[in-house]
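Novice: These are the residues of each chain, in order.
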Amino acid sequence: MRVLAAEASKLVSLPSAWIAMAAGVLVPSVIAAITASSALDAISRGAKTAAGVDTGYQELAFGVVGVIVLGVVGVSSEYFTESAESGGGRQITTSLTAVPSRLRLLLAKMSAIAVVSALLAIVAAAATMGAVRVALGEHAPALGAEDIARLAGVVCYWVYTALLACGVTVLTRHGVVPLALLITNTSVVSVTYLLTKITTLANYLPDMAGVRMFIPKLGGDSVEMSPLTGGLVMTAWVTALLPIAAIAFTRRDA
Amino acid sequence: MTTVPAPPVRTRGREAAQALTAELSKLVSLPATWLTAGGALAVNLILTIAFTAAGLRGSTGTKSALDVGLASIGYAQAGFVVLGVLAACSEYTGGQIRTTLTAMPRRALQFTAKQLAVAIVVLPAAAITAASGVMLTAGALGDTATPVTSGHVAGTLSGVTAYLVLTTSISVAVGVLVRQTLAAVVVLLGYLFVAGPLLRDHAAAAKYLPDSAGSAMWFPVAGNSDAVTPAHGALLLTAWTVVLIAVALLGYRRRDM
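Chains as they are written, first to last, in the numbering used here: chain A, 702 to 955; chain B, 13 to 269.
Derived by calculation from the structure, the hints in this document are not laboratory data.
Keep in mind the model is a prediction, meaning the values are calculated, not measured.
Glycine residues also receive a C-beta, built at the ideal position from the N, C-alpha and C atoms.
Hints are not guaranteed to be accurate.
Derived, one-sided and incomplete: chain A residues facing chain B with beta-carbon distance under 10 Å [to be verified]:
1. I735
2. G764
3. T782
4. H840
5. L844
6. T887
7. S927
8. L929
Negatives, chain A to chain B, calculated, CB over 12 Å [said to hold, decoys possible]:
9. L727
10. V765
11. I899
12. A955
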């Protein structure tokens with residue numbers, strides 16, 4: 702428990718973690734507000750009768766960039782080498798001196814990242830849905846029991862993505878490569894989405910599968926996948942990657 | 013009484029040449045430069061193969077070797093962004109910036125030399141990346157490809173190359189302003205891949221932003237009279253680059269190192 706508290710304290714004292722959290726909340730809510738107001742325009746002009754059922758959810762799929770940064774920076778900050786004048790040290794040596802059990806340290810770090818990501822996802826989902834409601838007014842799609850499941854899917858997707866980002870960074874031990882790859886792939890037309898045009902297998906990549914937890918119908922679907930299946934596929938990716946990261950972390954020199 | 017010999021006088025031109033040589037030498041000896049440039053090329057080729065495979069099946073909607081071969085540049089530009097940021101921010105990991113500015117106290121000159129050195133390295137890398145993708149696609153599509161004139165090919169390829177070089181320049185400028193590799197990468201990639209494309213869909217004025225204006229240089233939006241033409245796109249992106257370089261230079265000269 703003390704290890705977890707220590708990891709949480711390290712995570713929330715990182716300036717980049719706060720930037721990541723701000724991005725995670727602002728990106729989906731601001732974009733959702735813009736989308737919703739242009740949808741309201743279309744409705745009042747009579748071009749559309751109602752806002753799409755995915756309003757808000759699509760934006761939350763991009764907001765995941767916040768937890769990507771969080772997961773990457775949470776790990777890569779441990780490996781950041783101080784300048785030579787201040788000793789050229791790395792935080793990981795201090796962390797491992799304080800918590801010699803590597804597995805415990807990694808577990809605590811991943812738990813801290815997961816908890817913060819889950820909280821961030823809840824805040825972001827509330828902000829985004831609030832923004833949609835404010836912008837659309839009476840035209841906003843009604844929130845029902847089904848939306849609770851979808852929002853739970855959003856939280857799940859964000860936590861899993863943070864864990865994947867964290868696991869990849871444990872392997873690379875530097876933030877630039879995972880950040881470049883993962884942010885590039887959060888794009889509107891992501892690389893993995895393009896891959897689904899070539900092989901249907903790409904639908905089972907973690908992000909494509911995970912998104913099904915809250916957007917069951919993706920444009921140009923080649924494979925039908927229920928939210929539950931999507932969630933299970935992403936869970937499989939996470940449970941495959943994290944042990945690899947754990948083995949690498951426990952067996953390699955710090 | 014002995015006379016102290018006067019210190020050797022360097023002309024401005026010689027100082028500038030030496031600064032450029034120094035910056036080039038630093039950049040070329042940085043392994044990350046070659047890794048990112050090579051990585052961008054490799055990723056671009058892999059994605060090009062994927063796009064070509066889709067093109068052969070007809071799911072890209074176009075059979076032009078140019079359009080299919082350059083579709084991956086939008087993703088490969090991430091490598092050039094990282095290269096630019098690393099060139100600027102590697103000065104700030106450890107204390108290299110202090111050595112640099114002791115050797116080249118005139119910051120404007122040093123910054124200009126760095127920008128030039130990066131451009132010298134990136135220009136061939138960008139040209140090779142763009143051309144290799146198009147050649148690969150043209151070879152794979154063979155006779156099924158939509159014919160294009162060689163002038164069009166040359167124009168588009170130079171547009172892509174110029175776009176990548178200017179984007180790298182912007183990345184160097186942002187790197188100098190932000191000074192931290194990860195933060196600069198997050199800002200730039202977050203803009204290029206998340207915020208930019210989303211804004212483009214919803215705000216009409218977004219077509220004047222550097223990413224949209226820049227992509228008009230090589231991927232003109234057909235059938236829209238309001239769209240930015242390649243020449244205007246080039247002008248707009250150049251203007252953005254100049255403004256960002258000016259801001260970075262101002263900050264660089266006035267701030268402590």
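Novice: Please go over all the hints and tell whether each is borne out by the structure.
Specialist: Right, here's what the structure says about each hint:
| no. | hint | verdict |
| --- | --- | --- |
| 1 | I735 | 5 Å, holds |
| 2 | G764 | 9 Å, holds |
| 3 | T782 | 7 Å, holds |
| 4 | H840 | 17 Å, violated |
| 5 | L844 | 23 Å, violated |
| 6 | T887 | 6 Å, holds |
| 7 | S927 | 25 Å, violated |
| 8 | L929 | 28 Å, violated |
| 9 | L727 | 10 Å, violated |
| 10 | V765 | 10 Å, violated |
| 11 | I899 | 5 Å, violated |
| 12 | A955 | 19 Å, holds |
Hints 4, 5, 7, 8, 9, 10, 11, counting from the list given before, are not met by this structure.
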